[in-house]
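Asker: Sequence:
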Amino acid sequence: MWLKPEEVLLKNALKLWATVKSNDYFILQRRRGYGEGSGGLAGLLVGTLDAVLDSTSKVAPFRILHQTPDSQVYWIIACGASEEEITQHWEWLQQNIMRTLSVFDSSDDITSFVQGKIRGLIAEEGKVSLVQEEDPEKFREALLRFESWFSLPAKEKLVTYYSCSYWRGRVPCQGWLYLSTNFLCFYSYLLGNEVKLVISWVEISRLEKTSSVLLTESIRVCSGGEEHCFSMFLHLQQTFLLMEQLADYAVRRLIDKETFPSDHILTDPLQITKRGLETHARNEAFRAFFRLPREENLLEVYESFLWVPFSHFNTLGKICVSENYLCFASQDGSKCHLIIAMREILSVEKPDRSSRALTVCMRGKRALRFSEVRDFERLAGTIRRQCGNTASPQHSASSQMLLECGEDEEGLMVGQKDSSKTVSTEALMNVFHPQDAENLDPKMLKEKMKEQSWQIHFAEYGRGTSMFCTKKTRDLIVRGVPESLRGELWMLFSGAVNDMATHPGHYSELVEASLGTSSLATDEIERDLHRSLPDHPAFQSDTGISALRRVLTAYAYRNPKIGYCQAMNILASVLLLYAKEEEAFWLLVAVCERMLPDYFNRRIIGALVDQAVFEDLIREHLSQLTEHMTDLTFLSSVSLSWFLTLFISVLPIESAVNVVDCFFFDGIKAILQLGLATLDYNMEALLCCNDDTEAVTILSRFFDSVANKDSPLPATVQQAPVGSNNRAAQRVDISDLIREAYEKYGDIKSEEVESMRRRNKLYVIQTLEDTTRQNAVRVVAQEVKFSASHMDELYVLFKRQHFLSCYWTVSSPALQHHDPSLPYLEQYQLGRAQFTSLFLLLQPWSSGAYTHTLARWTFRLLDDNNDGLVNFREFCRALDILYSGSFTEKLKFLFKMHLPPVCSPDSPDDGVIRKSPEKGRGKVDLQAYLKQWQDEIQRKEESIKDLPRIDQAQFIQLSKTLYSLFHGDPEEEALFRAVARVTSLLLRMEEVGRRLQEDLAPSQTSSTSPQSPSPSKTPISAPPPQTASPVEGAVEQLQTLQVDQDPSSPGQVTSDGGAPSSPDGTSDPPSSSTMETEPANTPSEHTAPPSPQAMDWSFSFEQVLASLLNEPVLVRFFEKPVDVQGHLDRAKRDQLKAQINK
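Residue numbering for the sequence shown is 5 to 1146, as defined by the working numbering.
Just so you know, the hints here were simulated from the structure itself, not pulled from any lab data.
Treat the hints with caution; some may be incorrect.
In silico PhoX-like cross-links for lysine-lysine, where the CA-CA straight-line distance does not exceed 25 Å [what the hints assert, rightly or not]:
{"id": "1", "residue 1": "Lys8", "residue 2": "Lys753"}
{"id": "2", "residue 1": "Lys278", "residue 2": "Lys159"}
{"id": "3", "residue 1": "Lys261", "residue 2": "Lys278"}
{"id": "4", "residue 1": "Lys803", "residue 2": "Lys261"}
{"id": "5", "residue 1": "Lys161", "residue 2": "Lys1136"}
{"id": "6", "residue 1": "Lys339", "residue 2": "Lys121"}
{"id": "7", "residue 1": "Lys475", "residue 2": "Lys339"}
On a predicted model such as this, the values are computed, not experimentally measured, just so you know.
Model the full structure from these sequences, guided by the hints.
Answerer: Here it is in structure tokens:
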């Protein structure tokens, strides 16, 4: 079968493969252990490995590789299960490809042509193979196995499955790899040895393809400090890409809190499919390559030839059709691509059916001719249909209207008082430094020559969105863009011109809506306005400052998730110099949301990812520097500003704009190349450095020496370097530096950079998460008695509990209220349901039927700010008391749980999260923060004398709670008796005190009221005829609870705390009747309303503590050591099961 061309490493594979046939361009190989000459150690090894594999995962025994004579790179293009099958492929190549290759002069052209033909063959066979791979019956069987083996919740969505081998040490275990929305699972059962593995995608720190001596390629997964290796895939690259997509989806959904409102494929985690993920990846790659708006999706793809008028040659490539654009990209090494907006197309003609050709007529009297289109009639219908759906008049008219308005308002822009509300319609460079057409100095003459070169390019290749982009275009970019064309070309190459055309009037609406708003973002914008290019005349006036304020504020209003971050002001100020205000806004959108994803947020994840990519490229291309500097972290910290500001912060503005030119054409690849060229230029000096400070000095002096010798800007606009007294011979021209970067490192491919980005993103995010964990653990560890290892495990459990509530829902409250900008102690918080699940796993006592009640009351006690959430510090403090607290601390904790409002009845708002989702992004109340900080410093230990007294109903419930804690304890009966004695003693003591008070009250009343009855007629100690005493009623309830808690007990505790009654009932009960108790989970209904005599009596904490201290068995129970590690291990084992049983 034909395979998508992929690079292969032959260094370690030569021992496993033997060459059967070869020519100048292709090699046919047989896997050792098959056919003739299958003996020997290598053959035995391969045979042993393949023997444990089933038919769906065996490595094909035959394959064909493509190679050009002057290249060391090999591409696998076909494989076969039999010699007959692979021979057919070999003969087809000989008859159809070999003759054609002789006409090419370049090896790159040969490889591109071969790859294009092989992809075309795969596309023809795609429909049949797709049906075979997605057999519904087989998938249903796999789903049943997945559910039975791993016992995950029924909502967990299985995406796909593969047969593979899992390596445990040096032994492979053949089994099945299951990829679901939230987990990577593997199962193997061989010779009685069962291997079961479940890894959450969000906990993976490394996911990469590796090569070893035994196996040419495998997939390595790192999670929780452990490495897992999977190999023997039939389609390893396809599997790896899907694993990357699932891991990235989990990170974006759970850690970055993305909801994917504009992408219906990813909105619902319960509906994720393999085909949907592949479609999403294809759409993202399509938009990234052609720099299209994020609303565009790849609808159809056609292989075709395009007539290129400037070279008089038909170039092979693919036509890609989206909702509003027709795009073409060559595949023959010419690196030519073209974007045509549907709004620019006037008609589609089919002049020659025999050649299956189409002619697309566009505005400006231009036409494009596509030939050899397999389904040209369908393509023609699609273009006509899409053109009919595109509101081209509105789009084209919007920009023209802006130009007309700009001519009228240009005179009002400079010096206008109310400039904060006026949108500038002219680039600031044209206002503060208009070009003098009569100036004929050498620099201006060279500038005119550049303009003329671009005008010739426009005449030959077209101008605007439908311009051909080729190698010549890149050459012109490297030489430098003329000042007058910079804004136009930035808009074109970044794709911002398409964004602005698709959203006419959007910027003006944002400016109007954002006027007068106040937030944390606007405060930071105002603070940084005058720090943006402060030496440039444009930002020393109100005109430039107001335009910068409007652009940044409008963007913060458009995208509150990003809001405003440092370095955005520097970038936006440079954009405003060369582009009109609305154009600068859309350029900022393109940079922040497409070209530099995740750069401008609180954690600058995107910049850190590119730093990791930069380190990998340094190891690959600058090995001398790597050997000298074993730790490349220093280079990452130094180069961070290079990436965040596109070298604007380290280079003079007249040189930095040349870097920005290359960035808008080639993306982040241009910045990486220039970074490598900078280090290479200073290699000798860096190798002689003894410390980091010396290296920083060398790089700083180098950037000061960089100049733009061709810049036509006057001295008032240019930034003079710090080392201005250096000799001219030491100056470095920015054009030479950029040219050197492209010559030495231009072979770095954008696809490789994107692959490296994906590979390093997981590691960067997990590193940041580890830093957050370390900070949180370090702060909380000072307040609790847990060991460092136990704190780490508690944090992992706490964080995992937070994610478990988000796995199987579209809009989890915990996910919505997760804000990465919050302090690290509040990064992850639990709602009541989440807290209850985790508390039940970690509580030190078995509470029986009271378990959920205690968890609910504990949550209320910890949620002192009533926001419906508990953070890691609060959770650890509570567990520390229950695990390691003294008898007094534990009793005080239980005592406070039975005080209102903690023990109040449930309400509809109970457990509802009341925190704003954007708490961390609102306007900061500094006074409130200072007061909270002062309270934290002055907080003192709560004294037992500060606790309020507990009334009868609350005391009865406290006694019942104590009874519930003893369930299953070896000394359960003795503990019951001890609590009964204490409660009886306290109740009788309180009764005696009450009767003494009642004894004094009638005498005082009789002295003031002659009608009152004589005390001798009504005994003071006698209760009313029909009412039981409060103590008797309380003892009845406690006695009944004891029977409910321990039905197997041989008897009941008497009301005075004496011995239990005998089984034959000879002992008299303490009262004539027993009250029924309600279920334990409704504590408000456990007791009947107290009688009037019992309304005003209560106990202090000191009384309860003193009474319980007299019972050694109770003291032993509460001071008994808790097996912390045992509880943590059990929680880790049962955490997922608890979620299933909910």
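Asker: List in ascending order the numbers of the hints, as given earlier, that are violated by the structure.
Answerer: none
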